[in-house]
Amino acid sequence: MQALVPAGVGLFAGSTAAYLAALWTSKPGVLRAAHVLLALTVLLWLGILAASVPHLAEGGITRFYLGGSAIGLSGLYLVLVRRYPIAGLGSFVSALATLLAVFAMFAQRQNVTDPTLVDWLLRVHIGLAFVGVTAFAFSTALSTVYLMQARMLKQKAKTELRRRLPPLDVLDRLALRGIVVGFPFYTVALLLGSAQAIRTEHVRSSYVLAIISWVIYGVVLQARLTAGWRGRRAAILTIFGLVLALSVVAQYGFRSV
Amino acid sequence: MELLVLGLSHKTAPVAIREKFAIGEEALPQAAERARAVTGCKETFLVSTCNRVELYAACDDASAVEDALGAVMAEVGGATPGLVRPHLYAHMGPLAVRHLFRVASSLDSLVVGEPQVLGQLKAAYESCRKGGQTGPTLHRAMERAFAVAKKVRSETGIGRNAVSVSSVAADLARQIFGELSACSVLLVGAGKMGELAARHFKAHGTRDLFVANRNFDRARALAETLGGHPRGLDELETLLTHAEIIVTSTGAANHIITTAMVKRALKARKYRPIFFIDIAVPRNIEPAINGLDNVYLYDVDDLSVIANENLASRKREAEAAEALVASEAERFLRDLAGGAVTPTLQALRRKADDLKAAELERAMRKLGDLDEKQRKTVEMLADGVVNKLLHEVFTGLKDAAKTDRGEEMADTVRKLFGLDETGK
Chain S
1 MQALVPAGVG LFAGSTAAYL AALWTSKPGV LRAAHVLLAL TVLLWLGILA ASVPHLAEGG
61 ITRFYLGGSA IGLSGLYLVL VRRYPIAGLG SFVSALATLL AVFAMFAQRQ NVTDPTLVDW
121 LLRVHIGLAF VGVTAFAFST ALSTVYLMQA RMLKQKAKTE LRRRLPPLDV LDRLALRGIV
181 VGFPFYTVAL LLGSAQAIRT EHVRSSYVLA IISWVIYGVV LQARLTAGWR GRRAAILTIF
241 GLVLALSVVA QYGFRSV
Chain C
1 MELLVLGLSH KTAPVAIREK FAIGEEALPQ AAERARAVTG CKETFLVSTC NRVELYAACD
61 DASAVEDALG AVMAEVGGAT PGLVRPHLYA HMGPLAVRHL FRVASSLDSL VVGEPQVLGQ
121 LKAAYESCRK GGQTGPTLHR AMERAFAVAK KVRSETGIGR NAVSVSSVAA DLARQIFGEL
181 SACSVLLVGA GKMGELAARH FKAHGTRDLF VANRNFDRAR ALAETLGGHP RGLDELETLL
241 THAEIIVTST GAANHIITTA MVKRALKARK YRPIFFIDIA VPRNIEPAIN GLDNVYLYDV
301 DDLSVIANEN LASRKREAEA AEALVASEAE RFLRDLAGGA VTPTLQALRR KADDLKAAEL
361 ERAMRKLGDL DEKQRKTVEM LADGVVNKLL HEVFTGLKDA AKTDRGEEMA DTVRKLFGLD
421 ETGK
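Residue numbers (the working numbering), protein chains in the order written: chain S, 1 to 257; chain C, 1 to 424.
To be clear, the hints were calculated from the coordinates, so they are not data collected in a lab.
Every residue gets a Cβ at the ideal spot worked out from N, C-alpha and C, and that includes glycine.
Wrong hints could be hidden among the right ones.
[As the list claims (entries may be wrong)] Below are the BS3-like pairs computed for lysine-lysine, each with C-alpha atoms no more than 30 angstroms apart in a straight line:
{"id": "1", "chain 1": "C", "residue 1": "Lys151", "chain 2": "S", "residue 2": "Lys158"}
{"id": "2", "chain 1": "C", "residue 1": "Lys267", "chain 2": "S", "residue 2": "Lys154"}
{"id": "3", "chain 1": "S", "residue 1": "Lys27", "chain 2": "C", "residue 2": "Lys315"}
{"id": "4", "chain 1": "S", "residue 1": "Lys156", "chain 2": "C", "residue 2": "Lys192"}
[To be verified] Residues from chain C that face chain S, not an exhaustive set, calculated with beta carbons under 10 angstroms:
{"id": "5", "residue": "Ser154"}
{"id": "6", "residue": "Gly157"}
{"id": "7", "residue": "Arg160"}
{"id": "8", "residue": "Asn161"}
{"id": "9", "residue": "Leu172"}
{"id": "10", "residue": "Arg174"}
{"id": "11", "residue": "Ile176"}
{"id": "12", "residue": "Phe177"}
{"id": "13", "residue": "Gly178"}
{"id": "14", "residue": "Ala182"}
{"id": "15", "residue": "Lys270"}
{"id": "16", "residue": "Arg272"}
{"id": "17", "residue": "Pro273"}
{"id": "18", "residue": "Tyr296"}
{"id": "19", "residue": "Leu297"}
{"id": "20", "residue": "Ile306"}
Please model the entire structure based on the sequences and the hints provided.
Written as structure tokens, this is what we have:
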């Protein structure tokens, strides 16, 4: 089943291409085909991850959670697209899922040399962090599209793309919800990570990055909920927060941990 | 049966003529009935919109009834045939089918791609169908016309983009706010364009409408007409903190909404987005506000550019729609021709089966006691003879139905096999 990981990455990339084609042509049939392809990709990854569960003790936990994030992100989109007018978001979501899947593919090749990886505390820490990252990744996809849409509206762009992307208000509200959902998971994950660092008396640079990204999301959340902060600045910070969170993930994935 | 359409539209008649034909939906069956009374005219239906009035008829020979139906049309409009005749157009057979499909698909409309004509056509047809003026031929043509219109709408972008300044503004508002039901509209000034835009937003289900004007009495009068709330211009800054969509159309020579005002309003409304539509000339809103976060400003030129772009896009899409309509019309005519031979085919099969049953019964009586195997063999023999004989006739008729010789061939078969006029 693990041999299918590159095929899974290819399918995510294929879904991205299908969503781009749907955005370009605006044909309902192409969009439906893209949804089906993404759903099949999610199913394949579920199979890959289910097959890897018995071997988690031997390593590959980062790959497992990265794959889980890609599934979560895509699944969330496939569910929400039935309720909200966010069909135009598909290519951005699947592109992010492709990125996570590529991380998963390379993380798979790492040898786990740190025995603490099998520690339950660390497993819960990484699991919660990935739930948070998945939610933040969804908010980031929404925020990216928000910035594009806002720019096109400001510049009075005569492009067809403006009409095919979701409305600003929907993008802004859903991006906030993503942060609201992801933040508690990320907070608990960070607390568990700190406990682990104290226990092992080893503070990694990735913890510093993780704390900075947590502060960013905290600021965005606080400013949005109390001061009504919204729009472009909130979108930029949401994207920046994910870049930091993913750099933490990359440090886990690309280093022998 | 041949289709005929006789009518006048915005392309052939000025409004002074068209207005004579403004017929209410309830009066359509009566007018269609007058046309159906013309000898040779089997089925009719009439449609009347502000841009067209058309009489559709299914008749034995379209060119034979054209003049008589033209006189009926003039009568319906209460005008002399001489006055109406120069503005009338007539299409027969394949051209009538194509015209019907073009009208239903909004390719013949004043604003190509507008969706109202299909609804008007459906309502008019339904009215005449209930009145008993329509029949199977028109029914098949109309059902297909509705299906073609739906296909054109879904497979081409003919109705996708707004083409008036007001509808472009509503489209942009939807791209900012999504649903407009939670949005309040503020109309500043009592200009005609502003009023039109406000009406458009109201029709899209916006929540509250405020009308602010220097002259409070005018604000009140307009608010009453539009179902909104009148306000004085001195309340403008407060109103900016409430409304999501602001339409300005005053005759003021200077900017009445400045960057400083909008900055204050934004802070008070916790940076909820505002969409400004400045349709006044000279402009009422300082252009620099478009640089503020969560503020979107469009003036009349911006809206017109988008409307023109959309119109051009519709025209490009119309070319694809025309091709689709042409191929659908051709397919329908082939199906219609096939339908002309169907009653003859059915009658011939019935007659052959009846003859076979009678002859078999007679033969069985003469042959006396036969066992099951012998009985089956005799029945198979009769079936084989009948089917082989009919096969050539059926194939010939079906092939002829694909050409314009379908009815002629069906007529010959009816005569040869002694079937009655209707193929029974």
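Consistency of the hints with the structure:
1. At most 30 angstroms may separate the alpha-carbon atoms for a hinted pair to count; Lys151 of chain C and Lys158 of chain S meet this at roughly 27 angstroms.
2. For the hint pairing Lys267 of chain C with Lys154 of chain S, the CA-to-CA distance comes to about 20 angstroms; that is within 30 angstroms, so the pair holds.
3. Note on Lys27 of chain S and Lys315 of chain C: the hinted pairing holds, with a Cα-Cα distance of about 19 angstroms set against a maximum of 30 angstroms.
4. Taken as a hint, the Lys156 of chain S and Lys192 of chain C pair is honoured in the structure, with Cα atoms around 24 angstroms apart against an allowance of 30 angstroms.
5. Against a cut-off of 10 angstroms between C-beta atoms, the interface hint on Ser154 of chain C holds, since the closest Cβ of chain S lies about 8 angstroms away.
6. The interface hint given for Gly157 of chain C holds, since its Cβ lies 7 angstroms from the closest Cβ of chain S, which is under the 10 angstroms cut-off.
7. Look at Arg160 of chain C: its Cβ gets to within about 8 angstroms of chain S, closer than 10 angstroms, so that hint holds up.
8. The restraint placing Asn161 of chain C at the interface with chain S holds, with a minimum CB-CB distance near 7 angstroms, inside the 10 angstroms limit.
9. Look at Leu172 of chain C: its Cβ gets to within about 7 angstroms of chain S, closer than 10 angstroms, so that hint holds up.
10. Taking 10 angstroms as the C-beta cut-off, the interface hint given for Arg174 of chain C holds, the closest approach to chain S being about 6 angstroms.
11. The criterion of a C-beta within 10 angstroms of any C-beta in chain S is met by Ile176 of chain C, whose closest approach is roughly 5 angstroms, and the hint holds.
12. Look at Phe177 of chain C: its Cβ gets to within about 5 angstroms of chain S, closer than 10 angstroms, so that hint holds up.
13. For Gly178 of chain C, the suggested interface contact is upheld, since its CB lies about 4 angstroms from the closest CB of chain S, less than 10 angstroms.
14. Because the closest C-beta pair between Ala182 of chain C and chain S is about 9 angstroms apart, less than 10 angstroms, the hint holds.
15. Given hint, Lys270 of chain C at the interface with chain S, holds; its Cβ is 3 angstroms from that chain's nearest Cβ, closer than 10 angstroms.
16. Nearest Cβ of chain S to the Cβ of Arg272 of chain C: about 7 angstroms, under the 10 angstroms cut. The hint holds.
17. The beta carbon of Pro273 of chain C comes within 7 angstroms of a beta carbon in chain S, closer than 10 angstroms, and the hint placing it at the interface holds.
18. Taking 10 angstroms as the C-beta cut-off, the interface hint given for Tyr296 of chain C holds, the closest approach to chain S being about 5 angstroms.
19. The interface hint given for Leu297 of chain C is met, as the beta carbon of that residue sits about 9 angstroms from the closest beta carbon of chain S, less than 10 angstroms.
20. Because the beta carbon of Ile306 of chain C sits about 6 angstroms from the nearest beta carbon in chain S, less than 10 angstroms, this interface hint is met.
Comparing the model with each earlier hint shows no violations; every hint is respected.
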